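S.K.: For this one, chain A is given, so just place chains B, C, D, E and F on it according to the hints.
Protein chains: 6
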Amino acid sequence: MPYVNIKITREGATAEQKAALIQGVTQLLVDVLGKNPQTTMVVIDEVETDNWGIGGESVTLRRRRE
Amino acid sequence: MPYVNIKITREGATAEQKAALIQGVTQLLVDVLGKNPQTTMVVIDEVETDNWGIGGESVTLRRRRE
Amino acid sequence: MPYVNIKITREGATAEQKAALIQGVTQLLVDVLGKNPQTTMVVIDEVETDNWGIGGESVTLRRRRE
Amino acid sequence: MPYVNIKITREGATAEQKAALIQGVTQLLVDVLGKNPQTTMVVIDEVETDNWGIGGESVTLRRRRE
Amino acid sequence: MPYVNIKITREGATAEQKAALIQGVTQLLVDVLGKNPQTTMVVIDEVETDNWGIGGESVTLRRRRE
Amino acid sequence: MPYVNIKITREGATAEQKAALIQGVTQLLVDVLGKNPQTTMVVIDEVETDNWGIGGESVTLRRRRE
Numbered sequence: 001m002p003y004v005n006i007k008i009t010r011e012g013a014t015a016e017q018k019a020a021l022i023q024g025v026t027q028l029l030v031d032v033l034g035k036n037p038q039t040t041m042v043v044i045d046e047v048e049t050d051n052w053g054i055g056g057e058s059v060t061l062r063r064r065r066e
Numbered sequence: 001m002p003y004v005n006i007k008i009t010r011e012g013a014t015a016e017q018k019a020a021l022i023q024g025v026t027q028l029l030v031d032v033l034g035k036n037p038q039t040t041m042v043v044i045d046e047v048e049t050d051n052w053g054i055g056g057e058s059v060t061l062r063r064r065r066e
Numbered sequence: 001m002p003y004v005n006i007k008i009t010r011e012g013a014t015a016e017q018k019a020a021l022i023q024g025v026t027q028l029l030v031d032v033l034g035k036n037p038q039t040t041m042v043v044i045d046e047v048e049t050d051n052w053g054i055g056g057e058s059v060t061l062r063r064r065r066e
Numbered sequence: 001m002p003y004v005n006i007k008i009t010r011e012g013a014t015a016e017q018k019a020a021l022i023q024g025v026t027q028l029l030v031d032v033l034g035k036n037p038q039t040t041m042v043v044i045d046e047v048e049t050d051n052w053g054i055g056g057e058s059v060t061l062r063r064r065r066e
Numbered sequence: 001m002p003y004v005n006i007k008i009t010r011e012g013a014t015a016e017q018k019a020a021l022i023q024g025v026t027q028l029l030v031d032v033l034g035k036n037p038q039t040t041m042v043v044i045d046e047v048e049t050d051n052w053g054i055g056g057e058s059v060t061l062r063r064r065r066e
Numbered sequence: 001m002p003y004v005n006i007k008i009t010r011e012g013a014t015a016e017q018k019a020a021l022i023q024g025v026t027q028l029l030v031d032v033l034g035k036n037p038q039t040t041m042v043v044i045d046e047v048e049t050d051n052w053g054i055g056g057e058s059v060t061l062r063r064r065r066e
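If you're matching them up, the sequences are chains A, B, C, D, E and F in order.
Heads up: the first sequence at position 26 corresponds to 26 in my numbering, and the numbers run straight through without jumps.
Heads up: the second sequence at position 38 corresponds to 38 in my numbering, and the numbers run straight through without jumps.
Heads up: the third sequence at position 19 corresponds to 19 in my numbering, and the numbers run straight through without jumps.
Heads up: the fourth sequence at position 34 corresponds to 34 in my numbering, and the numbers run straight through without jumps.
Heads up: the fifth sequence at position 8 corresponds to 8 in my numbering, and the numbers run straight through without jumps.
Heads up: the sixth sequence at position 21 corresponds to 21 in my numbering, and the numbers run straight through without jumps.
Mixed in with the good hints, there may be bad ones.
Any copy will do: because identical chains look the same in the list, a pair fits if it lies in one copy or spans two.
[Said to hold, decoys possible] When the alpha-carbon atoms are kept at most 16 angstroms apart in a straight line, the in silico EDC-like pairs for lysine to aspartate or glutamate are as follows:
| # | residue 1 | residue 2 |
| --- | --- | --- |
| 1 | K35 | D50 |
| 2 | K35 | E11 |
| 3 | K35 | E46 |
The set of hints was computed from the structure by calculation and includes no laboratory data.
This structure is a prediction, so every number in the text was calculated from the model and none was measured.
So here's chain A without its partners, still in its complex pose:
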């Protein structure tokens, strides 16, 4: 009965892409650990680029520099 939380920046992931993440990570837990998919939960959080930092700066600023 695993629980998976995936955090990505909010940049237009589609419902189809999110469904592919849910399907893929659930299958991975079946394949690697033999987990039951029926009790495997996945929660995707989409985070604004102002609210995500790496290297000491926000992704918003990092993207602007790139």
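M.R.: For chains B, C, D, E and F alone, kept in the frame of chain A given last:
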């Protein structure tokens, strides 16, 4: 000083219902473990049904099939 | 299909007390929001007092002062 | 490669303030533990006051009483 | 720069199995969303069965009944 | 009443270093957002290097290669 995070799908929970969750889980921690309610924190996350998966598919798709 | 994470300091909560938290918070979600208990997950994290801070100091130091 | 999650109530924190949190906590991990800032991630969650509880009541109600 | 947290019960997952989860979920984010694997983080939490609940009871009790 | 979760690899951080993280991040929230330190919570998770991945491999393997 417990911290509780409750994740539910975003499907119209009212402010009153959320207040009841906060009150109830705080009281539970007082009753079971004698925790101080003044330093008990509760955070409720409401998650879009496209972003929540169970059984390898999103709740959006699961609801459509049901 | 809610997911609940409860964080408490590691100070000897028994298996019975943890079972009571699991049972109580699951029932609360049934009572307040009509959620299905069969797909309600609860994860309890017990955190060392050196690793928990409030008021700018660790719980270990806070307990020593009290 | 630390990961930091900061949860605050959604009450108008500006992009500049959030950038200051990201910069400050990344520097703290460099100063205290010698961590590499390039692989230090920070995620800020802003939570509605209806969804945040302390002392058994929501911040919305608490603010109204104060 | 995604962040993934995988929670499983602590029941003897090997270092090789955990490496396979890390490799697999990182590749999934590359395939589905074109994310950069170099800044993709994965954290696996292994949780005692007394501390994990589903259906209102701990996994420890659930396993005993099965 | 912010809540901060800091995840680091378990590699011998001392109680003094963890106290410095707690003190530092609490002060940062006071300085940047004017938050009340008395209701600011910090939880530090120390994660085994087998359980932390970056770049598609565990930190254990990454350290071995370096």
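S.K.: Each hint: holds or not?
M.R.: Each hint, compared with the structure:
| no. | hint | in the structure |
| --- | --- | --- |
| 1 | K35 with D50 | neither (36 angstroms within a copy, 18 angstroms between copies) |
| 2 | K35 with E11 | between (31 angstroms within a copy, 12 angstroms between copies) |
| 3 | K35 with E46 | between (26 angstroms within a copy, 14 angstroms between copies) |
In summary, the one numbered hint that this structure violates is 1.
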